[in-house]
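Participant: Those protein sequences? They're chains F and B, same order as listed.
Just so you know, the numbering used here puts the end of the first sequence at 290, numbered straight through with nothing missing.
Just so you know, the numbering used here puts the end of the second sequence at 652, numbered straight through with nothing missing.
Quick caveat, the hints were computed from the structure, so don't treat them as lab data.
Keep in mind that a hint or two might mislead.
[What the hints assert, rightly or not] Below 30 Å or equal to it, Euclidean Cα-Cα: the simulated DSBU-like pairs (lysine-lysine) are:
| hint | chain 1 | residue 1 | chain 2 | residue 2 |
| --- | --- | --- | --- | --- |
| 1 | F | Lys185 | B | Lys423 |
| 2 | B | Lys575 | B | Lys541 |
| 3 | B | Lys446 | F | Lys185 |
[Unchecked claim] Using C-beta positions, here's what the derived DEER-type ranges look like:
| hint | chain 1 | residue 1 | chain 2 | residue 2 | range |
| --- | --- | --- | --- | --- | --- |
| 4 | B | Ser331 | F | Trp203 | 31 to 37 Å |
| 5 | B | Leu467 | F | Ser102 | 40 to 46 Å |
| 6 | B | Arg304 | F | Arg134 | 51 to 57 Å |
| 7 | F | Ser158 | B | Ser331 | 41 to 47 Å |
| 8 | B | Asp313 | F | Trp203 | 35 to 41 Å |
| 9 | F | Thr13 | B | Asp425 | 57 to 63 Å |
Yeah, the Cβ is synthetic: ideal placement off N, Cα and C, and Gly gets one too.
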Amino acid sequence: MDNWKDFRKVFFTLMTPGTFWMLFFFVVPMGFLFVLSFSSKAIVNGETSILDYNYFSTITNYVDAAGSSYLVLLGRAVLWSAIATVVSLLLAYPLAFAVCFSSPKWRPILLLLLILPFWINLLIRTYALIQVMRTNGFLNQALGFFHLPQTDILFGTSAVIMGLVYVYLPFMVLPLYSTIEKLDKSYLEASLDLGASQPRTFWSVTLPLTMPGVITGIILVFIPCLGSFLTSDLLGGPNNWMIGNAIQNQFGEANNWPFGAALSFILMYATFFVLFVRAMLTRRSKGVDA
Amino acid sequence: MTEPIVSIRNVSKRFSGGVMAVDNVSIDIAQNEFFALLGPSGCGKTTLLRMISGLDSPTQGQIMIGGEDMAFTPPNLRPTNMVFQSYAVFPHMTVMDNVSYGLRVTGVAADEAKRRTLEALEMVKLEHLAERKPDQMSGGQRQRVALARALVKRPKVLLLDEPLSALDAKLRDGMRLELTRLQETVGITFIIVTHDQDEALSMATRIAVMDKGAVQQIATPAELYEQPRTRFVADFIGKVNLIEAAVLGQKGKTANCMAVGLGKIAVGTDKTCGDKATIAIRPEKLKLSTAEPKGPSLIKAKATIRDVAYYGDTSHVVADIADGQHLDINVQNNSRVGGSGFDRGQKLWVSFDPQDALLLTE
Numbered sequence: 001m002d003n004w005k006d007f008r009k010v011f012f013t014l015m016t017p018g019t020f021w022m023l024f025f026f027v028v029p030m031g032f033l034f035v036l037s038f039s040s041k042a043i044v045n046g047e048t049s050i051l052d053y054n055y056f057s058t059i060t061n062y063v064d065a066a067g068s069s070y071l072v073l074l075g076r077a078v079l080w081s082a083i084a085t086v087v088s089l090l091l092a093y094p095l096a097f098a099v100c101f102s103s104p105k106w107r108p109i110l111l112l113l114l115i116l117p118f119w120i121n122l123l124i125r126t127y128a129l130i131q132v133m134r135t136n137g138f139l140n141q142a143l144g145f146f147h148l149p150q151t152d153i154l155f156g157t158s159a160v161i162m163g164l165v166y167v168y169l170p171f172m173v174l175p176l177y178s179t180i181e182k183l184d185k186s187y188l189e190a191s192l193d194l195g196a197s198q199p200r201t202f203w204s205v206t207l208p209l210t211m212p213g214v215i216t217g218i219i220l221v222f223i224p225c226l227g228s229f230l231t232s233d234l235l236g237g238p239n240n241w242m243i244g245n246a247i248q249n250q251f252g253e254a255n256n257w258p259f260g261a262a263l264s265f266i267l268m269y270a271t272f273f274v275l276f277v278r279a280m281l282t283r284r285s286k287g288v289d290a
Numbered sequence: 291m292t293e294p295i296v297s298i299r300n301v302s303k304r305f306s307g308g309v310m311a312v313d314n315v316s317i318d319i320a321q322n323e324f325f326a327l328l329g330p331s332g333c334g335k336t337t338l339l340r341m342i343s344g345l346d347s348p349t350q351g352q353i354m355i356g357g358e359d360m361a362f363t364p365p366n367l368r369p370t371n372m373v374f375q376s377y378a379v380f381p382h383m384t385v386m387d388n389v390s391y392g393l394r395v396t397g398v399a400a401d402e403a404k405r406r407t408l409e410a411l412e413m414v415k416l417e418h419l420a421e422r423k424p425d426q427m428s429g430g431q432r433q434r435v436a437l438a439r440a441l442v443k444r445p446k447v448l449l450l451d452e453p454l455s456a457l458d459a460k461l462r463d464g465m466r467l468e469l470t471r472l473q474e475t476v477g478i479t480f481i482i483v484t485h486d487q488d489e490a491l492s493m494a495t496r497i498a499v500m501d502k503g504a505v506q507q508i509a510t511p512a513e514l515y516e517q518p519r520t521r522f523v524a525d526f527i528g529k530v531n532l533i534e535a536a537v538l539g540q541k542g543k544t545a546n547c548m549a550v551g552l553g554k555i556a557v558g559t560d561k562t563c564g565d566k567a568t569i570a571i572r573p574e575k576l577k578l579s580t581a582e583p584k585g586p587s588l589i590k591a592k593a594t595i596r597d598v599a600y601y602g603d604t605s606h607v608v609a610d611i612a613d614g615q616h617l618d619i620n621v622q623n624n625s626r627v628g629g630s631g632f633d634r635g636q637k638l639w640v641s642f643d644p645q646d647a648l649l650l651t652e
């Protein structure tokens, strides 16, 4: 292939629009939010201004955000997202395997079924979930039909986690599917042929070789879960807020953008921290393997 | 034959979708044989190998290894190990871990596993690369890892699926010799699957030629070449002239035939022929001469050279005889001057000893 350096002008021409797009729609607004998180609303003529800020005037937003009530919301978001991610992984791995081993005739249909929910608005799907989970919902009707005890999960922790798993499950299945599909099945056969049992083959060969898909899936599920607010708002109610709900509230009803910005950045740092821990863990496990 | 190490009895494999991959195959393979399953792609040879390993199971029939029926033995409990066509060397493990894998998963003590692994690596001359990962190795080296990984288990039977097909030509010749040497050193029965007749002829002690799921002939390399039982085998192993003939009558071991382009000839056979047969004769067994060849029993015909292809040591001549029949003839270039000495359009005689011709009825 030709070296891109031989076509510098073409290269720069082609990459300029995308670069500017990212610059104006991502870097600049994020920079503005970053500045805002260290600012306070300006007082003009004795009244709090709507548009003017005293830039870089304070760190009280961060001090407030680090208060226990918000740390609880953050901790809850991390914990629930982690649970939702683990549950998704456990559900998705067999699903992805099943799709991979299904006949070529069925595979596109199964994949289509998997991404079908994306075609429907999240809000509608979440309201539909309420119909399933509410006291006289389909779940309890079904339980009642089999004479099983009724549950009252709506507006509880489990409802939020179930909702998160439902929304983000496809994001776990798809990367897993793509790595399992690419996995050369003769590795598994070789392991069996060398005397390993099926479970041993799974732990020593299948899982390590599909790890890239597992990690991608974890990232694709965990990070959006952390910042989600719609699911916890509709299925969890006011007592089950996550950090995303607090951020939405500050930018919306409370109309306190500087404080909302501070919360957003704390969430972002938490995300980076989790990714950092994950990177450290994989590096250490690699050291053990070798 | 003493008790066979592998006994395949009336084995058939029908895949879902109805394709008959292997059709009623019976083969006995003796201890310490270097056995080849040879055939064109899709002839069922790999499926048969996979059924011996346990990775596929027969629809019908029985596979015995070491006198035991393997019907309910999964691949991880069979005394066979396989070298896969793609080698299937685990990319996430070092060479050392790859080779010791089969010992570790079956609970062989760590120090013994290490000793045997090093031994196996030494056998395939890879001891200096023990800590390498597969992606830092050449195809030939990865194949040695696959070999060591299978041999370290000391299987009763080593199965090799097209082991040389992914190597370049030069490596392939070296590896061929090495496989033969290894087989003699370790004294394990080797079963190799290949579509390459040269590979099978040069390495194997016996060969089963397969076509469309069925075994055509099981014989030593020399027998296969000189005594092919069917048209398919004659055609698949080496080059051959196949000449259609009508059988006029048979007296004991001689059949009188009317062959296309050759006229009335008598050919020896130990089979009872119907009224149609095929005469097979190898190109190197035909002779070209300018003068009419003399000899009481020689079969001869007038020929016109259509084409001459020069290959250095030999030349391949295509000559037209009567009835639109043509013959392929191999000529040794024994003299440094004058090439093959034959020219396109030249008219001369082609002849052969009827002993060198074979009458095929299947």
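Participant: Against each hint, give a clear statement of whether it holds in the structure.
Facilitator: Status of each hint after checking the structure:
With a C-alpha separation of about 20 Å, the suggested pair F/Lys185 and B/Lys423 falls inside the 30 Å cut-off, and the hint holds. Restraint check: the Cα-Cα separation between B/Lys575 and B/Lys541 comes to about 25 Å, which is no more than 30 Å; the hinted pair holds. Between the alpha carbons of B/Lys446 and F/Lys185 the distance comes to roughly 25 Å, so the proposed pair stays at or under 30 Å and holds. One distance hint, 31 to 37 Å for the beta-carbon pair B/Ser331 and F/Trp203, holds here, with the actual separation near 35 Å.
In this structure, B/Leu467 and F/Ser102 meet the distance hint of 40 to 46 Å, their C-beta atoms being roughly 45 Å apart. Between B/Arg304 and F/Arg134 the C-beta distance comes to about 53 Å, which sits within the given range of 51 to 57 Å. Our hint of 41 to 47 Å for F/Ser158 and B/Ser331 is violated, since their Cβ atoms are close to 56 Å apart. Between B/Asp313 and F/Trp203, the C-beta spacing of about 39 Å keeps the proposed range 35 to 41 Å intact.
Under the hint 57 to 63 Å, the C-beta atoms of F/Thr13 and B/Asp425, about 37 Å apart, miss the expected range.
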